[in-house]
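Asker: Each chain is listed here by its residues.
Protein chains: 2
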Amino acid sequence: MTNRFWRIDRRPEGTDFASALTLVEAPLAPLAEGEIRIRNSHLSMDAGTRMWLTAREDGYQPPLPLGIAMTGLVLGEVVESRAAGFAPGDLVRAFGQWADVSTVDAVMSGAIVLDPSVADRRAWFGPLGMNGWTALWGVEQTGAAKPGERVLVSAAAGATGILAVQIAKLLGCEAWGIVGGDSKWRYLKHEIGVTGVVDYKGSNPGAQLDVAGGFDVYFDNVGGPLLDQVLTRMNHYGRIAVCGLVADYTSGTRTAPREFDQVLMRRLRIEGFFSPDFMHEGPALTARLRAWHEAGELVMPYDVTRGLKNALTAYAKLFTGANIGKVIVELDT
Amino acid sequence: MTNRFWRIDRRPEGTDFASALTLVEAPLAPLAEGEIRIRNSHLSMDAGTRMWLTAREDGYQPPLPLGIAMTGLVLGEVVESRAAGFAPGDLVRAFGQWADVSTVDAVMSGAIVLDPSVADRRAWFGPLGMNGWTALWGVEQTGAAKPGERVLVSAAAGATGILAVQIAKLLGCEAWGIVGGDSKWRYLKHEIGVTGVVDYKGSNPGAQLDVAGGFDVYFDNVGGPLLDQVLTRMNHYGRIAVCGLVADYTSGTRTAPREFDQVLMRRLRIEGFFSPDFMHEGPALTARLRAWHEAGELVMPYDVTRGLKNALTAYAKLFTGANIGKVIVELDT
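Going down the list, the sequences are from chains A and B. So for the first sequence, numbering that gives the first Met the number 0 puts the first residue at 0; every next one is plus one. So for the second sequence, numbering that gives the first Met the number 0 puts the first residue at 0; every next one is plus one.
Simulated from the structure, these hints should not be mistaken for laboratory data. Bear in mind the structure is a predicted one, so any value in this text is a computation, not a measurement. Some hints could be false.
Said to hold, decoys possible - Label-pair restraints from in silico Cβ distances:
| id | chain 1 | residue 1 | chain 2 | residue 2 | range |
| --- | --- | --- | --- | --- | --- |
| 1 | A | A206 | B | L30 | 43 to 53 Å |
| 2 | A | V106 | B | G213 | 23 to 33 Å |
| 3 | B | T21 | A | D181 | 42 to 52 Å |
| 4 | A | P115 | B | G213 | 53 to 63 Å |
What the hints assert, rightly or not - Partial selection, computed: residues in chain B whose CB lies under 10 Å from chain A:
| id | residue |
| --- | --- |
| 5 | A31 |
| 6 | E32 |
| 7 | V241 |
| 8 | D260 |
| 9 | L263 |
Just so it is clear, CB atoms sit at the ideal spot from N, CA and C, and this is done for glycine as well.
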C-alpha cells in the first residue's frame, strides 16, 4: 500500500512553498512497536510550524530535516495500532505527517484519543485544540487578565486570536482586536461582538488604538511594527503575552521594538509562552473550553480547503492573512 | 540668608552638564506650612535623574522645568521645621535640591527621619537607601531569583549593581557581573568575590558570557547592545529585570533589542521596575538590608567628591563609567 505525503525538499523563501515542498508517493513501512497508523481526515494549518521549515537552529523547535514529510497536527481514525490504548476506529489527534496516512509513535506524537460525540470534529483543532489551549493560557495565565481590564489581541481574526478575544470577554474583560482588512473588521465587530476593532491596513491605526484609553493586556501573535504602536498605548503595569511573531516568519526581518524602553517607563511585563509550557494542563483547559463551546459562547469559523494536493494553498493563507478563523485541509477519505 | 543651588538653565546634551546647569545664589524664602529645611551634608548622584533633565514627556517621571533647582536625594540635618514629626537636629533623607540647603515639603519629598546610630551615614544612600531597595526588589521580586540559579548583573560596579550581585549571593545564587574596564573587573572579582565577571570593553564579551552556561536572571541597568548579547544566553524561562537603560540616557539612541524574539524562543519574562513600585515595602526592605550590612555581608565603596561646586563632575561619572560604587557629593557644612 502506498501513501502520498508532502516532502520538504528545500527551505522555502517567504510564502513560496511550492518550490520547497513536493507531493510524493511512497510505500508504507510495517508498523514498529509503539506506533499507530492514522487515516487523516483533517490537517491543521498552523503558523508556528513555519519556523520548523527554516534552517534556524535557535528557534523554539529545531528545524525539520530536509527529505522528510512535513509535520503538523492531524485528525483521523486509527487504522492499525501497535500501541497500548489505541485501537482501530479510535478518533485521534496527533503530530503527524501532511499525508493520506500518518504513521507515528503514539507517545512522541502526543497522540490522544478524542470523544467522538463532539458534533463537529474540527473543533478538536480549534476551540478544543491547541488554539484553544493557547488562547486561554495566554489571556489568563501569561497575560494575567483580570475582570474589567482591557485586553487587545493581534491577528484577532486568526484561529488563536479569535478565541483569545472571546475568552477575554468570557473572563469579564473588555476585548479589542487588531485585524487586517475590512471583512475581518466586520466579522470581529458584528459576529464576535468585541468592543473595538482596529484595522492595521486602514488609515492611521495608531489613532484607532488611541481611543481605547490604554490596554492592560496585549496578546500578541504578530510582533513587528505593530508591537511598537501598542507599547506606547499600554497602561502602567500592563502585560504583553507573546504568543507568536508571525511578522517575522516570512519577512526575513526580526522584531526589534524601538519602543522597548516603555518596559521601564510603564513597568510592563513581556513574556513569551508556548504550548509545551502548558501541555500538562491540557485536560483541565479542554474541560473549560468545551463547556463554553457547547454553550455556544466560544465559536470558530473554519476556512476549509479540500484535498491533500491543495495543502500548500491553505498553508499560505496563514502568512498572507487571507483567512478568517481556523485553516484546515479536509482530506478525501 | 542666601543659599547656593544648581539651576537647570537648559536641557543638557550628552554629558555636557556644565553648559546646562549653573551654580547660583538666592535668598531663602520663609518656610511654608508642612515644609522642612535641611542643611545638606551629602547629595546622592543617581543615573535615573538624567531623564528628568530631558524634555521627554513619556518617561517614568515628567521633566523638571527649566529655571528651577536640580533635584535629587539629599542627606542632612533638619535646621528648621514646620512639619509634624520633624525637629531641628533630626538626620533626614529626602528628595531635595542640589544646594547647601534644601527646602522641601516633608510629605511630597518623601522625607524620612533616619537612625543616627548607623556608623557611616552615607549608607543611607547606598545599602540602606534607594540603591539597596532597588537591588533587593529587582533580584528577589522582579527577577524571582531562586537559590542555585545564575544571576547576571550589568553595570555591576555601579551603586545598584554592586549591591545586586552581593544580594544574589546572599540569596544563594551564583552571581555574575558585567563591568567596563580592568579596575572594575578586579574589584568585582577579588573584593566582592563573584563567580564570573565580564568586561564588555574587553575582547569578545560574548565569548566571556558563553562560559557561564546560561543565565536564569538578568538584572539590567544598561539596555543597549549588551542586552542583545545576553538575550541569546538566557536559559529557558529566564527573567530579565529592567532596572535602567543608562545606555540610552545620554547617547540619544534608544534600546531596540534585535534579539527580542528570544522572548518567545526561550519563553523569557522581561519586566520593568522602579522605586515607587515598592516604596510601601521600604521599612521591611531596609530591615533586611541593615542586618546584612551590619554583619559585613553587604558592602559599598563610595566615590566621594567634595564641594557643591564640583557636583557636575561627580554626576558625569555615572555616564562615563568612571566610578566604582556609590557616587556622592560631600558638602562643606
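Asker: Against this structure, judge whether each hint is valid.
Answerer: Results of checking the hints against the structure:
Checking the proposed 43 to 53 Å range against A206 of chain A and L30 of chain B shows it holds: the Cβ atoms sit about 48 Å from each other. Distance hint check: the CB atoms of V106 of chain A and G213 of chain B are about 28 Å apart, consistent with the given range 23 to 33 Å. For T21 of chain B paired with D181 of chain A, a C-beta distance near 58 Å fails the hint of 42 to 52 Å. Taken as a hint, the range 53 to 63 Å is violated for the pair P115 of chain A and G213 of chain B, whose Cβ atoms sit roughly 45 Å apart.
Using the Cβ-Cβ criterion of 10 Å, the hint placing A31 of chain B at the interface with chain A is not satisfied: the shortest such distance is roughly 31 Å. Taking 10 Å as the C-beta contact cut-off toward chain A, the hint placing E32 of chain B at the interface is violated, the least distance being around 32 Å. Given the 10 Å rule on beta carbons, the hint for V241 of chain B holds: about 5 Å separates it from the nearest Cβ of chain A. Satisfaction of the interface hint for D260 of chain B is found here, the shortest Cβ-Cβ separation to chain A being roughly 5 Å, below the 10 Å cut-off.
Because the closest C-beta pair between L263 of chain B and chain A is about 4 Å apart, less than 10 Å, the hint holds.
Consistency note: the structure conflicts with the earlier hints numbered 3, 4, 5 and 6.
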